[in-house]
Amino acid sequence: MSPHPPLHLTASGAVRAALASPGLRLDLGLAALHLRSRSALLAGQLQRVYPHFPFEPPGDFADLHVHVDPGAGLRRWIRPQARFRCDSRRNFEPFPASHALPLVEWGSNWLIGQRFNDHLLLHAGAVERDGRALLLPAVPGSGKSTLTAALSLSGWRLLSDEFGAIDPASGEVRPVLKPVALKNRSIDVIRAFAPDAPLGPAFPNTRKGTVAHLAASAAAVAARHRGARPAAVILPRWSDGAALSLQPVPPEELLPAVGFNAFNYRVLGARSFDAAVRLVRQCPGWRLTYSRLDDALRGIDQLWRDLVPAA
Amino acid sequence: MSDDPTAHRWLLALGEPRQALGWSLAEWQRHIRLARRLRLLARLAEGLDAAGLLDQVPPPARRHLLAEQQLSRWRVDALRWAALRVVQALEPKAYPCVLLKGAAYVAQGLPIGRGRLPSDLDILVPKAHLDDAQVSLAKTGWDELPTDAYDQRYYREWSHELPPMRHPHHAYELDLHHNILPPVARTSVDAGLLLSRLQPSPWPGWQVLHPVDQLLHSAAHLFLDAEPRERLRDLADMDQLMRHFGVAGACPGFWDELPPRAAQLGLAEPLALALHFTARWFDTPVPEPVRRRVAASGPGALRRAWLVPLFGAVLDPTDPDRMPGLPQEAAATLLLARYHLTRLPLRLLLPHLWRKWRKAGDQTL
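As they're listed, the protein sequences go chains A and B.
My numbering puts the first residue of the first sequence at 77, with every later residue one more than the last.
My numbering puts the first residue of the second sequence at 151, with every later residue one more than the last.
It should be emphasised that the hints constitute simulated quantities derived from the structure, not laboratory data.
Hints are supplied without guarantee of correctness; some may be wrong.
To be verified - Some chain A residues close to chain B (C-beta under 7 Å, calculated; not the full set):
1) Asp136
2) Phe137
3) Asp163
4) Ser164
5) Phe192
6) Asn193
7) Asp194
8) Val343
9) Gly345
For clarity, every value in this text was computed on a predicted model and none was experimentally measured.
All C-beta atoms, glycine included, are put in the ideal place defined by N, C-alpha and C.
Bound-form chain B, shown alone (with noise of 0.2 Å):
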């Protein structure tokens, strides 16, 4: 953890390549590393490339930009490939195929989806076609990666998607959802809500979520996930999306239907986390309306007052030459509490913990 405030300035540069022109050697020395761990190095490469400026960095922090970009750029070449087959797969005449996230930012030709360095591919098809879709691409050569009864169960009945699946031709695992978030967990989303306001993408066969779904679908990704440590790319995924959808005006009525779309959906809290997190380190200029009736509808003071360090804790990344200190790792065990008492009422929670500590004793041996 840092306390000192400029610390994270160099976040800005991902929106403003600018910034980044004036650091020293050290700087870029501390960034690059700081940006590769936090996998925004890439994001970087290609901000400074769109505005012209990455012949102006110094060489040797260049080279490490070059490096990373090329990276990137194959790792999102293969998701469009991937992609592109999976819909041949599936029947997008018969029932929506929806891509989430990065995928989804990609499609869209966003800006966020240059530097991405993607490791699965997360699609969403309604739960009555999830049997079919599951079928159809089995067909093809996607083989769910082997699982128990128990987990099969776990899976189908409490979770928002199937087993992760993989090809032999593909470099990524296929994550299957029927919704965004578990339909047993305190927070559930109405998936009926998401597809009745879908939009089509640029790449035939696949819709994406409307985008101030997508932008509610990264908040609660991140704040009712598992494990939100040093997700600062998140963060900066939805400052991106706010400043696309809402500051640069490509979605009319953006900030308007967010508030109430959060409150419908159920991910208030969520939405007024990411508010509150991306103004700390991104400085998003979310209209302050807008502000307001979020944090009016978002975690009351009790709640904020634990949650917020919390989320700060886990968040804040660590200086590179350090290991993560006791706070933060402190702060991510409560929030892991916290995600499985929200993800599983306490009577499924219990026997599932006992039969994963079984489980895991079992693989010790």
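Chain A with its partners taken away, still in its complex shape (with noise of 0.2 Å):
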């Protein structure tokens, strides 16, 4: 167990103070990010959508380093805004100050994305049951995280609405475990299907629309430094109206589109392909066509049935 108490039971003043000074971390599993603001809005957003994620000290060694500051001068009060900052470098445009939330997890995605070539990257849902991982890549708009949100509340553990991170070394899956990032109808279709689900403020007007946050469980976030061996890849699609699909997929159309779905498989050469290869060999994959959750979930969990021997 962790010395530390998470967020959500920790008084909002002694978060907004620590988040303004040293910073707080937040450990993801793959990564550890050292985040730091003296907005109190941010404070509170954190510890509705990072809820069970222990309230810690930055520690000697992180891995991303996050500040988040107000604009200079009468940006302050007129529109204030805010500015992502990481290594004394602006990677991007401002945020209104009250969007200091989906900055935070747009651009720590997008650093993830940029650093972490020790692993290889795809573009995927990921969540375990039984020991074993299942991945789900898929391009943006294909669904992939209403369907990872609607497992999560399934009992399936969360790794990772994006990052479906692959150690080339033991080809196991290892968990980047954030809020889950609900867009536009996802966020209707999730309170829908669960009314309980922990979700974040939803934030209008983003780059991407409506954006609100799933939080992660607290089983998840303890276990978020554990992996799991792939099982299984579905590629999911999701289409209005259409009827529930499950088509097996060779391997040879596999394996294209594990790299396809990947952010650094040029990057890694030869290691992401034996990381792919080794993936495809180990683990069947299907195409997942559907429109309605409950249909996509009881297919996925009839199939894995079948794959997985429960534990």
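Hey, can you piece these two chains together into the complex? The hints should help.
And the structure:
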């Protein structure tokens, strides 16, 4: 057990003060984020969408250092901003001050995708059950995050809604545990699917429309340093009105799909090729088309039962 | 900026990787953040790897070194591939084809060829063959990025290179040069002198500048450029070029030739600044007589009195938890003004800036 209390049980004043200085440590599993900001708004938003992460000091070493500051001069008062910086560089355009959380989420995801070339980083949802991982690689707009969110609310452990981080040495999928970012209609879909789902505030008018974040569960947070060997790869696609369809994908078709849906496939060269070959040799692949979440979950559940003996 | 004189001692680990083994985890964190921003992290990784010391790095730091090393190896491989394809389009038997800067270091197999993060491929051909080269490259798919008639004239008449070219198969911009500095600049170089001392390279078809000229080119590139901010990696290159060709003796006669060649090419001032700053941050062991000769022909005391602090301010890396301070911004602005004044004579500069300013205005509307 961590000696540190979870963020949602910590007094908001203490979180606010720590976030301002010396900063908060958010250990995501694959990488630890050192986050600093004077924004009281951001402190409250973090408590809502990272509730089960321990409230801990930055420590000696973090992998990502993110600082969110308000604009200078008049900007502090007139249409205040949230500005992102990492290691003295501003990598992004500023957001309105109220949107500090989506800025931190997108910015840190971008940094992870750039930096962690010690892993093959698939653009994929990743969940675990019975000790084995299920990977859901997909292009944006396929409903990957929605499906990952629904699975994480249905007995699966969330590893990540964005990164299928594969350790080339062991072949294991490592958690990159952050809140699931739901966009536009997905927010209502998940609210309807699980009325108690721990959703954070909705942020309208972002680059990607309205965004709301689903918090990771206490169990997922406790297990964020535990990877899992992959057991299956599902290529999901949401399509309005479509009947459920789960078609096997042969390895020779799965391999290019894996490579195509990776952030750093080319950078890793032979290493990513070897890791991807190993993945498609070990894991059967399916193409999932669906319009109703319940159908998709039932299909995946059945498939999983045939594939992975329950522990 | 840092007032602590030991704040930059970590840079010595680029040349002597063993120094890094004494770092605490907190020091690793600081140096990784700085080195990544300065594009020196993969260099540090390759140095530790070559010395067989990577295994002794604490695991939280080691993974960052390995990840950046992976990125660098991919980019360097892609650069090699691009260079080998490009030379097939050119006619190295008809005219010399020369690799410049990073690509030349990689082609020669120099220690500083490892751990780079190249973003463009810089090559040089004689001015008489510039059009031939461009036509040949265009035939194989290298297209100029769109420029208007004015930009074309700028590049053709006043610049030392053509507009950058892109190719759908390559991740790099190709910069085709006929000189290392603009012909109309206050400091201009006789390209014939460079071409008269070319050296073969292990990459078929490609030649490189003489080692002394490679160092002088790097110095000119840093100290006569528009944006020298935080370009410590250029100093790291120069430090290692001098150690390899001079101190380790890979180029016999390197030290004796350096001061007169700098004077001949008109690059005494950038060389003097290079020696000053490599000594300050990298302890580069330049023989004392060479140092004295360069100092004697370099900028006078009055020029040094403003150039050295200005470059000191812009080169000094900002602490990773802060944003660049006002002194650095101000120094960078002054050096930009100096750059413009030395790049184009005033009669060309004022209309040029006026045009660029009007155009920038149009684009923001």
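The hints, checked one at a time:
Evaluation of the aspartate 136 of chain A hint against chain B yields a held restraint, the C-beta minimum of about 4 Å falling below 7 Å. With 7 Å as the threshold, the beta carbon of phenylalanine 137 of chain A comes within range of chain B, its nearest partner Cβ sitting at about 5 Å, so the hint holds. Checking aspartate 163 of chain A against chain B by beta carbon gives a least distance of about 4 Å; that is within 7 Å, so the hint holds. Annotation: interface hint on serine 164 of chain A holds; nearest CB of chain B at approximately 5 Å, less than 7 Å.
The closest approach between the C-beta of phenylalanine 192 of chain A and any C-beta of chain B is roughly 6 Å, which is under the 7 Å cut-off, so the hint is satisfied. At its closest, the beta carbon of asparagine 193 of chain A sits 4 Å from a beta carbon of chain B; the interface hint therefore holds under the 7 Å criterion. A distance limit of 7 Å between C-beta atoms decides the matter here; for aspartate 194 of chain A the minimum to chain B is near 4 Å, and the interface restraint holds. A cut of 7 Å between beta carbons decides the hint on valine 343 of chain A: the least distance to chain B is about 5 Å, and the hint holds.
Because the smallest distance between the Cβ of glycine 345 of chain A and any Cβ of chain B comes to about 6 Å, under 7 Å, the interface hint for this residue holds.
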